[in-house]
Amino acid sequence: MVERADTILYLDGVSVAFDGFKAIRNLSFVLKRGEMRAIIGPNGAGKTTMMDIVTGKTRPDEGDVFFNGTVDLTRHDEADIATLGIGRKFQKPTVFESLTVEDNLSLALAAPRDVFSVLFARGSAKRAKRIDEILETIRLGHRRWHLAANLSHGQKQWLEIGMLLAQNPKLLLVDEPVAGMTDAETEETARLLREISATHSVVVVEHDMHFVRELDVKVTCLHEGSVLSEGSLDHVSSDQRVIEVYLGR
Amino acid sequence: MISGYLARNGLESRIIATIVLILAAGIAVPVSNLVLDPLHPLHVPTYIVALLGKYLTYALLALALDLVWGFCGILSLGHGAFFALGGYAMGMYLMRQIGTRGVYGDPVMPDFMVFLNWKELPWYWYGFDQFWFAIVMVALVPGVIAFVFGWFAFRSRVTGVYLSIITQAMTYALMLAFFRNDMGFGGNNGLTDFKDILGFDVQADTTRAGLFAASAAALAIGVIVTARITGSHFGKLMIASRDGESRARFLGYRPEMVKLFAFTVSAVMAGVAGALYVPQVGIINPGEFAPANSIEVVVWTAVGGRGTIIGPIIGALLVNGGKSWFTGVLPEYWLFALGGLFVFVTLFLPKGIVGTFQAHIGRGREKRKANRAEDAQTPSGAEVSPVGAE
Amino acid sequence: MRPSASQSSPKSCDQTMRLAGPLTFAIAVFLSLASLAQSQEKPLLEIVNSFSDVRDFAQTEEIVAELGATGDPAVVPVLRALSEGDLHVRKSDNQVFIVSGRGKTLMIMDPLSGEMVGEEAKRALSKIRVNNGLRRLIRDTIGGLALASPDPAARLRAARTLIANPDASSLPAIEAALEKEADADVADGMMRARAAAILVSDRPDAEKSEAITAVAEIGTQDALSLLLGFRGQAEGDLREQVDRAIARVERVQSYWSMAQNVWYGLSLGSVLLLAAIGLAITFGVMGVINMAHGEMVMIGAYVTFVVQEVIRLNAPWLFDWSLAMALPLAFLVAGAVGYALERGVIRFLYGRPLETLLATWGVSLILQQAVRTIFGPTNREVGSPSWMSGAFEIGQLTITWNRLYIVLFALAVFALLLFVLNRTSFGLQMRAVTQNRRMAAAMGIRTPRVDAMTFALGSGVAGLAGVALSQIDNVSPNLGQGYIIDSFMVVVFGGVGNLWGTFVGALTLGIANKFLEPYAGAVLGKIFVLVFIILFIQKRPRGLFALKGRAAEA
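Protein chains in written order, with my numbering: chain H, 5 to 253; chain P, 223 to 612; chain U, 389 to 942.
With the rest of the complex left out, here is chain H (with noise of 0.2 Å):
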């Protein structure tokens, strides 16, 4: 067993209930710092609800939330969440579609959060060099003066992405990144979470079993709200359970 000091994202016996149905049942799951993470299991399986406890929407009925071995996470909201350092991406890409890629990007920088500090803030040449930096990273330099709404749908994953990376957060919560994506753009995609995991932890929860498989990461499958099996992705896909449930004979 991992000691939850040494841990980035630490979960134990959570379980929570909408309207007597069980979302997560005794969930336990651990991250260690620096670990990437790929999430798996069927529709249902929980794997939405439990991001929703990690960033603070959703409070557990029970069980331990602990960020970074000593943060109890139930005890905060998701905008001091955001700030501690996990940052999370939606399933489907969420970016503020009436301002500019640069402006979702200027949001997104760390920074004071507060009415009066955003307010009197000023752009800086520091600012603008970090902008540009993301900008290369995620591929989307030529688009920066557009306004969101105008990306392309995998363009806005990458964007959404890009706005993560700005928040500068020591855990990464990804959605679904390549849902509705290409080939090509899944590949890229794959590439540029391999990227980020070098100086992230980052938790990937996916359907997409090439990708998985592109990422080359410990895999956890969850099932009814719980977890169902862990390991390798050939450890996991190997399993009788997991074949039963999700991936089929």
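Just so you know, these hints were derived from the structure itself, not from any lab. Heads up, some of the hints might be wrong.
What the hints assert, rightly or not - Label pairs and their in silico Cβ distance ranges:
(1) H:PRO116 / P:VAL366: 24 to 32 Å
(2) P:VAL366 / U:GLY764: 43 to 51 Å
(3) P:TYR346 / H:ASP81: 31 to 39 Å
(4) U:SER777 / H:ASP81: 45 to 53 Å
Said to hold, decoys possible - To list a few chain U residues with every Cβ distance to chain P over 12 Å, as calculated:
(5) ARG490
(6) ARG511
(7) ALA556
(8) SER557
(9) ASP593
(10) THR608
(11) LEU785
(12) PRO906
As the structure is a computational prediction, the values presented were derived from the model and not from experiment. All residues carry an ideal CB built from backbone N, CA and C; glycine is no exception.
With chain H fixed as given, assemble chains P and U onto it according to the hints.
Chains P and U in isolation, oriented as in the chain H frame:
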């Protein structure tokens, strides 16, 4: 000189032109009224000065609403309440200036209190004999009420139509409250029969001209404040909170605080507008709290173009000009026209006059930056589908 | 079960006596003949004629008491005429007559038989004068006399009158009547009247002690004031007993007043339910903010007005059926307007709730002004059918028929809507479109048609509400404005997308409002309710019956 100062502060040329225009009107109209011979073709009669002055306060109210609706996506159906609260604060000052000239000649208490057999001035009327105190209250009362209301509403994440409905309930509740004689604000009749303001007769031409100039100045300041807020990094955050509240939250921002700030600033602006409105029309009564009034402000803003700074001003002037004309010529058709305007604007002109105009030819800003030719859309409001719902 | 309007009136005595007139009169004639035949006592007419010698009010009082002591109902018309100043003496022969008419010549009638005797110049008559003290005495005497009435209902009413106006002097009459009484209910009433009279008499304490218990059992406001009055003179044990009795009556009173509040609350709640339930469909089920909803209610009310006008002009005998005829018409007219509104405006605005709100507000202004142009700005008279007027009592509760029918009607409309939504194929399609528009469309449901019909249904129900509200509210172009905010409050409070939420919300708010009113007054009570809802929405932004989890965000 003014324009140079404003430009250095990073305001767009269009905004600067607007401010200069407002200030020019603020000087020209009173001067024409006071200096020119009444038969001179450019002479502005006093009643027109009062009417235009009223429109300017409406324009400020519409601008205040635009700050929350156009930029934050909060459709407040209660801004008439903040306007009326500011108006009442000013009305209380004006009532206490009447002094012994009232019907009952009581040196301290307004006539309606004497009439109701009250023995002494209620505590909340203290201080209103001082102009500075009244001015502080004009800003403070709507500001505090908006802050408290917004604190609860935004923190509980009451959004969209729910928020609109409870703001409407708020103004409705205030209306019922102010209709009560026991509240001590003159009940049904409200506050009226004002004599003078700062020692000047409220009926005098010079006072009316002065109030017009003050309204123009207040509107100009309102434009500057709105432009500075929306043009800053904070303005982008407002739009971000409007279009992607939960995204903003997961980036570590607190959209509720962004909204609360904008809502409070906006309420103060509305209160100032109300305070300038009351001495120009000579009365404030609970009818100003009527939900219908607040909704009418929304249509001014919608007609002009929400999410723009010039739009609500143009909208307020146009719709109220139209109202004055209609009620003079075809009084029974005014409500048909107003109702039709609501439907027409929402169906065919969702960006309003200015928004539509900008979308067609106003691409100057974009041209300054490279590579933007294909983006024809300007931020157009809350109809962008809400994000974050999974 | 429905008693006539007159019986239920709390002002009972005068009115009932007047209505019972012909009967009493016939009996009076019979009895007076009978008593004349027995004739050991002074004949009635002789006593009546003794009014001719009175010098002062004290003498008149004596004669009234003497008449009362005969226990003969025949003297009732005489006493009433005396009280009303219609008893006159003919100066020429000192005969006493009841007079009627105005002017110089009056009609004169025999005081006992009531038969017309002829005419007499006003100058030839002199009025027997009475004062207020005498009028009270007369009233009480008549009350006592009615105890001898052969009609049990009249006797019971007399007993009740005596409870309300107890008088020690009526004790013998009550006790006499009690002895003869066969009807258990009436006897019970008389026992109570006797107890009430004992409390104001100088009977011994033991009897008074029993009386306190009996009076306490009555439990009405009258009983309470009687006990409170008695408390002043009570001493020792009696004082303690009366204090306990007062406490007990006050408790009973508080239960009844609570029941009354609940009833008023239910009544208000049912009005809110009627006004809000159509909105619950358009707002709750479809997510459409229809600010013109109040105008649909108004249209329903005006349809009722038009139906009644047509009936008044062409077929007045159908008036009692006017509401029944107005209901389907109001549903159709309001539904058609709603259908047109959906097709013409709202369908272009789906997914833009704030714009819908503004556009429908514009439509509401147009509808209001249209009605104002057609029907004028003033209130229109909408009558109530006879079966809806009047009231009845349960214990100390007064319930008016129109309120009761509105409560029942609201429940019926609610039940019908539940049925339509849950048990018909249209309801199924409607719910399908609400929950997943694209999937519903993919399964072959014509979603635009379902949208339009749903909106028409919601508007039609508002029209039905208008028919009911025309019975209790002013029918004017502003009718709808008065309900729109309350309706939104109900729907938002109850929880969107849930008819039961609307039901519970409406009744809760109605009852809360009525319970606050006695303490805060109507306006302040309403303000409190509004503030409460504003705070409540912040606590539970999705209302009382909210969906949780994924479904809530879909």
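Here is how each hint holds up against the structure:
1. Between H:PRO116 and P:VAL366 the Cβ separation comes to about 26 Å, which falls inside the hinted range of 24 to 32 Å.
2. The hinted range of 43 to 51 Å is satisfied by P:VAL366 and U:GLY764, whose Cβ atoms lie roughly 44 Å apart.
3. At roughly 37 Å, the beta-carbon separation of P:TYR346 and H:ASP81 lies within the given 31 to 39 Å, and the hint holds.
4. In this structure the supplied range 45 to 53 Å is violated for U:SER777 paired with H:ASP81, their Cβ-Cβ distance being about 59 Å.
5. Its beta-carbon lying about 45 Å from the closest one in chain P, U:ARG490 satisfies the requirement of being farther than 12 Å from that chain.
6. Chain P leaves U:ARG511 outside its interface by the beta-carbon criterion, the shortest separation being 53 Å against a cut-off of 12 Å.
7. The Cβ of U:ALA556 sits about 44 Å from the closest Cβ of chain P, beyond the 12 Å cut-off, so the non-interface label holds.
8. For U:SER557, the condition that its CB be more than 12 Å from all CB atoms of chain P holds, with the nearest at approximately 45 Å.
9. At roughly 49 Å from the closest C-beta of chain P, the C-beta of U:ASP593 stays outside 12 Å, upholding its exclusion from the interface.
10. For U:THR608, the requirement that its beta carbon stay farther than 12 Å from each beta carbon of chain P is met, with the minimum near 33 Å.
11. Chain P leaves U:LEU785 outside its interface by the beta-carbon criterion, the shortest separation being 29 Å against a cut-off of 12 Å.
12. At roughly 17 Å from the closest C-beta of chain P, the C-beta of U:PRO906 stays outside 12 Å, upholding its exclusion from the interface.
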